[in-house]
Every structure is written in C-alpha cells, then in structure tokens.
Amino acid sequence: MSEVYDKLVPDPAADTKPFWDALHEGKFRLQRCADCKKVRHYPRPVCDACFSMNAEWVEASGRGMVHSWTITHHAFHPGFKVDLPFMLLTVDLEEGVRMQAQARGIAEGDLKVGLKVKVGFERVKADLTLAVFEPG
Amino acid sequence: MSLREAGAITGVGETKYMRGTDRTPISLAMEASLNAIADAGLKPTDIDGIIPYGMGAVAEDYVTNFGIADLRFSATTPMGGASPVASIQCAMAVIQAGICKHVLLALGRTGYSGSRIGNRVQQMPQFKTIGEFEMPSGAIAPPQLYAVMARRHFEMYGTTSRQLAEIAVTTRQHAIMNPRATMQRPMTIEDHQASRMISDPFRLLDCSMESDGAAAVIVSAPDIAKDLRKKPVIVMGIAEGHPDSPSAISQRPDMTTLGLAKAAPRAFEMAGVKHADIDVAEVYDCFTYIVMCQLEDMGFCKKGEGGGFVENGALGINGRLPVNTHGGLLSEAHMAGMNHIVELTRQLRGEAAVQVKDAEIGLVTGYGDLGDGSIAIMRRAA
Ligand SMILES: [Zn+2]
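Those protein sequences? They're chains B and H, same order as listed.
Counting in this note's numbering, the first sequence runs from 16 upward without gaps.
Counting in this note's numbering, the second sequence runs from 689 upward without gaps.
For reference, chain B alone in the conformation it holds in the complex (with noise of 0.2 Å):
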C-alpha cells in the first residue's frame, strides 16, 4: 500500500454502495431482485426482468469462468503506469452475471475463454478495496 493512491477511484452512490462496503470488509456481495430474486450487476434502481425496486444483497460465490480479456501494455492514466502490462479479465460468475476486475497470479499462457477464476480482496488504501480475479 503505497502512501499516495493517484488511481481512479469509486464514487458511490446509495444504489452501489453495499457492495463497495462488502467488499471492504473481504465480502463478495451482489444485489438482487427482492421480488423475482434475479441477481443483477452492475447495481442499480431497477430490476429488468419485473420493474421492482425492491433489492437485497446476498453474498455470492465469487466464482466464474473467463469470457474474455485484454492485456494492456499502455497507461492511459498516469497512476496505472507501475501495473504495465495487466491483464483485465471479463468473467461469467456462478450467479449469471459478469465482472470485470484486474488478474492476480494468472499466466498469460493459461489463459482461455472458461478458465476457471474466483474473486479475491485488495485493500489499496485505508478506505478502498478493489475486487481481484485469482485461480479458481
């Protein structure tokens, strides 16, 4: 954890912010429908499949399959510079939604669309926990 955190960070909103929160405290939580139960992500005021607004949050397995990934070698932002190259990774979770997250201790010869990946917790600073993928 370095002293000055100069990377893009979350701005919550009452609709995001049990899941920051969750995280925060090494918890994977996803919101969900509170009437027909369909998980949804990213969160937000309105479930698709009934129009309730009506969420709970529900703890999920963190566990997913890779759909997709790029490997980026430019820093587009200053503070992502000491990360180059990283490995973004788009992934489907048990719970049918997906995420997308940075890969901790995954070779890029390994990688391929299902490869099995769970989530991990990094606390980047004092107030901030970033949600990683690791082997599964």
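Derived by calculation from the structure, the hints in this document are not laboratory data.
Glycine included, C-beta positions come from ideal geometry on N, C-alpha and C.
Among the hints, a few may not be true.
[Said to hold, decoys possible] Each computed PhoX-like pair below joins lysine-lysine, with the alpha-carbon atoms no more than 25 Å apart:
(1) H:789 to H:918
(2) B:42 to H:816
(3) B:140 to H:816
[Stated by the list, open to error] Stretch by stretch, here's where chain B covers chain H in the computed footprint (C-beta under 8 Å, at least three residues):
(4) 691-703
(5) 883-889
(6) 938-950
(7) 1024-1035
Given chain B, put chain H with the ligand in place with the hints provided.
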C-alpha cells in the same frame, strides 16, 4: 410514414486536418460549416436547424457567429462516434415535420492538441457505470474497453491480428491517394504486426489517430435540394441502434454484436436496397476490429466470418466492397465520422479523391459510446 428519401445532403465541408493547432474547436467548426454552406450554395442565415456534436461548439455559437435570426430547431445526439450519422435521422425527422429546411451538422475538435480521449471519456455522463466499476481497475480508454470484444471474437471464431492488419493496410492505401489525409506513409501487414501492443489484441496500428480540425454537413429538404449548387445526395434509408447493455460492454450478452445489428436491417428495408447494391461503404473505424464487426452486423457476411471477408484487399478501391475510401479515422483524420459522411457524399457526386467508378449507392455508419450504432444509405441524384 417513413423517413425514406426525406432528406438530402446538399453541402459538405471541412478544415485542413492537422496534428497540432492553437485554434479553438469553435473556430474550426465555424470554418468547416462555412465551407459546407458555400458548397451547398447557401448563405449562413439560411440554416434553420443545428445539430452540433456533443462536445465543442454549441448551437448558440452558430447562431451568434452566423447572425441566424430565427433558429427553429437544435438538439444533440449523445452517441459518441455514432452521433453524426444519427443526427442525419434527427435532421430528416424535423425536415419531414416541416420544422426546418436546412439543418447543419457540425463537429470541431482539437483531439490532438487538446484533451486526449482517455481523459475525455472519464468525464462523460454515459460512462458513469464503468467509471465506478471498471475504470478503478485500470480499464479506462476505448482501446482497452473494445479489446475485450475483439479478444472474444478471436476466441470464438478464430479471427487473427493479421486479418485486422488487412483493414489498417487497405485504409492506409486509400489515405495515400487522398491529399486531405494526414497519414501518408505506406504501411504493410508486417509494419502492423511490428507496431507496439496497446491493449491486446490491439496494436498501435489498429487504433485511429487523434486529430485537430472540423467537418460539417448540410441536410436539406429534398424538394429544395434539387435547386441548390451541387447535385443532391439522397438519403434512402436511415436508422440508429443501441446495443444490449449499452452502459457496460462487460455485461452485454453477446459482446461481439453492436447496436448497428439492430439498425442495419431497418435502414436496408427503408432504402429498399440489397447488400449487392452497395458500391461503396464508409464504415466507422475507431479501431480495425470495429470495421470488421460492423461488416458482420450489417450482414455483408455472417457473424464470425468478418476476418475472412476483409482478407486479400477485399475492402480496397478495386475490391469487392470498397471501404473507407478517404482513409477513415485510421489514416485520414479523427472527425468522429463526420468525415465519413463528407466522403460518401463526394463519392456519390463523383468528386472524391479516390473515386469508386460510377458509384451510385453507398452507405455510411457511425459507432460510439461502447456500442451505439447508426447507418445511412444514400444514392446519387438521377
Ligand atoms: Zn425482479
């Protein structure tokens, strides 16, 4: 009721395309607009509708600079690079409704000298979702966000980087024959393969450039258009389309399908033409992959067959489907696709620098904001 042939392109114009200027986007936009107005044989005060690009000069700037006494309509179509072509649809609707006679679409930008796109994207409200959930992980700029779509296409269909190189090389060949184009150095597939990796699988030469300049287009009522200075170019079919999960590519059920896949069938049906009727296509090319994906989404080939479709110079001036005859965003200039409308108009007037012989019918697409699409099918006047 449909918008079929409800508008005509009567004037096109641009500034010199540059990489380096101390001029403002507003000054550039005014110059290109005056050129388009003169091309149509109109006076600036004839403009009664304005659809400016979402950044840079606003409608009020045109009213003030041109002394327009009674502007009857203004709007913006916030779809990034899909905006200019989508604005044609908006213009045709207000023309058909009798609100306007001559609608100006214009864009001026200092993409090279001013703020780079990676920085611009973070500030745009339509990117709020990925701003919170993806940008903190380092996924910030379009090359990274779109590379994931390309990688998925590679894995599903066996598409290769060399196939994307074919698009960059063909586009550069056109640019070299077009004096307006910025990029004039020949490019080979090997040059493309040797260019540095930006965000895998995109290399530097898969990416469009940043430019300073402006481009503008006049959409007029068809009955008035026929009496103006140049032969009008008639818009036969027009549509915009928005992809599934428009705010986050990561959540899109099929991330290899863009909003254009919804728009293209509507535009072809409205125009009443078939793919084989298209003599020339100006296809939004922020990245090589996006060209290939749109060719699939429009139905020039099946999903997954785009890599094979673009091989062996198929998109060249003498190929099976001449694409981006001006050099596109990859090699002419990044004018968010307004320059693609300018080019299609010139092709169908027979006055392009790299002219497709006897081009009668052509199309132009727009793409932007993580997957929005737009398409116009046009014909030359009889
Ligand atoms: Zn529901």
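Okay, the hints, checked on the actual structure:
1. Note on residue 789 (chain H) and residue 918 (chain H): the hinted pairing holds, with a Cα-Cα distance of about 16 Å set against a maximum of 25 Å.
2. Taking the CA atoms of residue 42 (chain B) and residue 816 (chain H), the gap is about 24 Å. The hint holds against a cut of 25 Å.
3. Between residue 140 (chain B) and residue 816 (chain H), the direct Cα distance comes to roughly 22 Å. Compliance with the 25 Å bound is thereby established for this hinted pair.
4. Under a criterion of three residues with beta carbons nearer than 8 Å to beta carbons of chain B, the stated coverage of the region 691-703 of chain H fails, only 0 such residues being counted.
5. Counting residues of the region 883-889 of chain H whose C-beta sits closer than 8 Å to any C-beta of chain B gives 6, which meets the bar of three, so the coverage hint holds.
6. Only residues whose C-beta sits within less than 8 Å of a C-beta in chain B count toward coverage, and the region 938-950 of chain H has 3 of them, enough to reach three; the restraint holds.
7. Only residues whose beta carbon comes within less than 8 Å of a beta carbon in chain B count, and the region 1024-1035 of chain H has 0; fewer than three means the coverage is violated.
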